[in-house]
Amino acid sequence: MSTQTILPVDRETVAALSSRKNEPAWLAESRLQALENAATLDYPKLEKTKIERWNLNTYGVYADAVEAKSFSDVPAEARSFLNEDGAQDMDNVLVQHNSGVVYRRLNAELAAKGIIFTDLETAVREHEALVKPYLMQALKADEHRMAALHAALWNGGAFLYIPKNVEVDIPLQALFYTDDAQATFAPHVLIVAEANSRVSYMDNYVSGQLQAPIVHNGVVEVFVKPGAKVTYASIHHLGEQATDVTFRRAIVENDGRIEWIVGEMHNGNAASETNSILQGNGSTSDAKIICVGNGEQKLNITTKAVHIGKSSDSQMITRAVMRESASSIINGITKIEKGATKANGEQTERVLMLSPKARGDANPILLIDEDDVTAGHAASAGQVNQEQVHYMMSRGISREDAENLIIRGFLAPVVAEVPNEYLQQLLKSYIERKLGQ
Amino acid sequence: MATQFVINGLKATIEGKEILKGIDLEMKGGEIHAIMGPNGTGKSTLASALMGHPKYEVTEGNVTINGEDLLEMEVDERARAGLFLAMQYPSEIAGVTNSDFMRSAINARRGEGNEISLIKFIRQMEGKMKELEMNEEFAHRYLNEGFSGGEKKRNEILQMMMLDPKIVVLDEIDSGLDIDALRIVANGVNAMRSEDRGFLIITHYQRLLNYVKPDFVHVMMQGRIVKSGGPELAERLEAEGYDWVKEELGITDETVGKDA
Ligand SMILES: Nc1ncnc2c1ncn2[C@@H]1O[C@H](COP(=O)(O)OP(=O)(O)O)[C@@H](O)[C@H]1O
Ligand SMILES: [Mg+2]
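As given, the protein sequences belong to chains A and B, one line each in that order.
Under the UniProt record's numbering, think of the first position of the first sequence as 1, with each following residue one higher.
Under the UniProt record's numbering, think of the first position of the second sequence as 1, with each following residue one higher.
Calculated directly from the structure, the hints in this document are not laboratory data.
Computed from a predicted model, the values in this text were never measured in an experiment.
Cβ coordinates follow ideal geometry from the N, Cα and C atoms, glycine included.
A portion of the hints provided could be inaccurate.
Claimed, not checked - Listed next, the stretches of chain A that the computed footprint assigns to chain B, with coverage defined by at least 3 CB atoms under 8 Å from CB atoms of chain B: (1) 384-398; (2) 407-415.
Unchecked claim - A few chain B residues that don't get close to chain A, going by computed Cβ distances all over 12 Å: (3) LEU25; (4) LYS55; (5) GLU77; (6) ARG78; (7) LEU132; (8) SER148; (9) GLU238; (10) LYS246; (11) GLY250.
Throw the hints in and build the complete structure from the sequences for me.
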């Protein structure tokens with residue numbers, strides 16, 4: 001067997017990307033360094049999944065984005081993911097189309113408070129001092145090959161900065177849209193919430209008609225400073241041609257809080273990790289993830305909390321529904337480091353399997369190096385509860401309707417948390433589509 | 001046509017054990033029948049077999065509701081034919097709100113294209129909840145999830161009131177209720193009494209029967225109805241217990257289905 005690794009991207013492409021974007025030297029160098037490292041790094045080790053057997057090579061090439069002068073210049077299909085018929089002009093939104101962000105707008109009132117919301121490429125140029133200390137720091141580029149390739153290739157993306165003590169009531173929103181399999185699609189989301197700030201952000205990863213296989217290699221980094229609170233809602237619904245690999249990391253300082261609400265509604269193979277590093281004392285995290293798999297999909301969904309701070313608290317809930325021949329490995333990892341006294345971590349993973357060929361594997365993993373802590377877990381994988389079906393049928397509801405109600409009910413508590421009515425409806429429609437309704 | 005409910009020689013097994021050993025019972029609209037008996041005598045099995053719980057297998061006998069063969073029907077068809085069972089242990093279903101569930105059940109009866117309007121439904125549900133002294137929030141809570149024993153029972157009665165069934169079977173609706181809740185539940189039942197509705201009240205106490213006067217009382221032992229009478233039978237059972245019945249009939253162990 002050959003030990004030489006052939007990378008899906010070459011040095012010239014990466015260098016050209018940096019120079020075309022006028023990137024500062026540190027960034028250009030770090031991209032090249034990451035690419036060099038990628039050759040020797042392994043793919044991430046996922047529980048019971050050999051990700052290296054998936055299609056991870058079709059990154060395409062960087063394609064210049066065409067700026068949209070107004071919201072109506074954004075491709076119509078992309079707009080339809082933002083509001084009814086994509087008709088309304090929108091504030092506080094950013095749209096990436098293939099390799100670059102084509103539209104970004106922040107309400108003047110929010111801008112006046114010092115909030116920054118723009119694409120990451122622009123942020124690197126205009127707010128370098130705010131980006132540099134954070135970029136690829138929650139997920140280090142040398143952690144594994146996917147991280148390295150992302151660090152080398154990322155494009156477009158979002159940068160959200162909330163100054164100290166600023167609270168934002170309206171959720172900010174990003175749309176990451178790909179419809180060209182030849183164009184690299186690797187957005188990086190970076191959120192920095194300064195002390196005692198509060199913000200809610202949500203994004204949606206969707207695709208148009210993809211004619212060939214593509215890899216989405218995405219990274220999300222959230223920095224929650226002391227006393228700050230960040231709510232992050234994300235819906236992934238890329239087409240069958242796309243392999244979706246996403247790493248989400250938050251570093252939470254003293255008394256900070258991160259809330260994750262994630263809908264994994266892809267149509268191709270997908271792996272994701274949603275990880276809260278509870279660095280600070282009294283830091284807390286809450287992760288709610290739902291996932292629906294169908295067709296031949298293979299899914300590996302990990303939720304993780306790393307407790308370092310004392311009295312830190314993590315709550316994790318994952319619910320997955322698998323139908324047809326879909327298979328999923330659902331992992332919950334609670335890691336409590338020595339010294340994280342009075343930490344508490346609770347996790348639940350539940351998988352519903354709707355057909356004999358569907359597979360679901362729920363793995364609760366507790367790694368605890370401190371005595372003075374509490375931790376709990378619950379996991380189950382099984383079929384729709386027939387006692388519940390009987391109860392509903394005894395009220396006149398047909399078996400089919402009863403099962404449908406139970407399946408939707410299984411996912412409902414997470415859907416209800418999405419902080420925007422339209423996105424909630426969208427998520428529901430993805431669920432319906434994936435459930436074959 | 002006045003409601004007619006006929007159980008004829010019903011035998012049923014669970015996991016191969018015969019529990020019901022031939023039940024005969026005839027009920028008409030307007031009548032209230034009580035089935036009394038100690039624990040483990042097959043009362044809930046009768047209720048479950050009538051409703052069609054998949055664990056119970058009917059091996060003999062037949063049941064008709066207004067002349068239609070009940071046992072031929074699927075569970076949901078039995079409900080739509082007018083049978084309602086308030087269960088001893090109702091299921092909890094997370095993620096499905098009480099009101100969504102109730103509306104689905106009502107619409108299942110009305111059929112496609114004839115769904116109840118949302119506003120009418122809400123009004124109806126709020127009205128009935130008020131009668132049962134249920135807090136409004138119960139409409140939006142997930143079905144029975146985290147409900148106390150008494151709240152679940154009230155919720156069963158709420159469903160009965162909303163669904164307007166022809167034959168109502170109440171399985172231990174009174175257990176776990178304090179005296180106020182018992183009165184409220186009994187008022188709910190009394191409010192539903194009508195010429196075309198029959199009730200089969202399963203209980204092992206006479207308590208509830210002080211509020212809901214039965215026309216007929218049946219005693220169940222060993223998977224059979226061993227004695228029937230009028231309301232005075234319930235009073236005597238309350239005063240003297242079941243021992244005299246056992247003595248009279250020469251029964252030592254009244255339960256059924258225990259492994260030999
Ligand atoms: N789910 C079950 N599994 C096994 N045996 C059962 C089950 N339900 C009832 N039985 C048997 O049937 C008998 C009668 O139970 P049940 O009908 O619940 O009595 P009752 O309602 O009068 O207390 C029990 O003693 C038990 O032997
Ligand atoms: Mg019973």
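So, going through the hints one by one against the coordinates:
Counting residues of the region 384-398 of chain A whose beta-carbon sits less than 8 Å from any beta-carbon of chain B gives 13, enough to reach three: the coverage restraint holds. Residues of the region 407-415 of chain A with a Cβ under 8 Å from some Cβ of chain B number 6, which satisfies the need for three, so the listed coverage holds. Its beta-carbon lying about 20 Å from the closest one in chain A, LEU25 of chain B satisfies the requirement of being farther than 12 Å from that chain. A Cβ of chain A approaches the Cβ of LYS55 of chain B within 12 Å, the least distance being about 9 Å, so the stated non-interface status is violated.
Distance check for GLU77 of chain B against chain A: the nearest CB is about 8 Å away, which does not clear 12 Å, and the non-interface claim fails. Residue placement check: ARG78 of chain B does not keep its beta carbon more than 12 Å from all beta carbons of chain A (closest about 8 Å). For LEU132 of chain B, the shortest C-beta to C-beta distance to chain A comes to about 17 Å, beyond the 12 Å cut-off, and the non-interface label holds. The Cβ of SER148 of chain B sits about 18 Å from the closest Cβ of chain A, beyond the 12 Å cut-off, so the non-interface label holds.
The non-interface label for GLU238 of chain B is consistent with chain A: the shortest C-beta to C-beta separation is roughly 30 Å, beyond 12 Å. Under the 12 Å C-beta cut-off, the non-interface status given to LYS246 of chain B relative to chain A holds; the minimum distance is some 33 Å. The Cβ of GLY250 of chain B sits about 37 Å from the closest Cβ of chain A, beyond the 12 Å cut-off, so the non-interface label holds.
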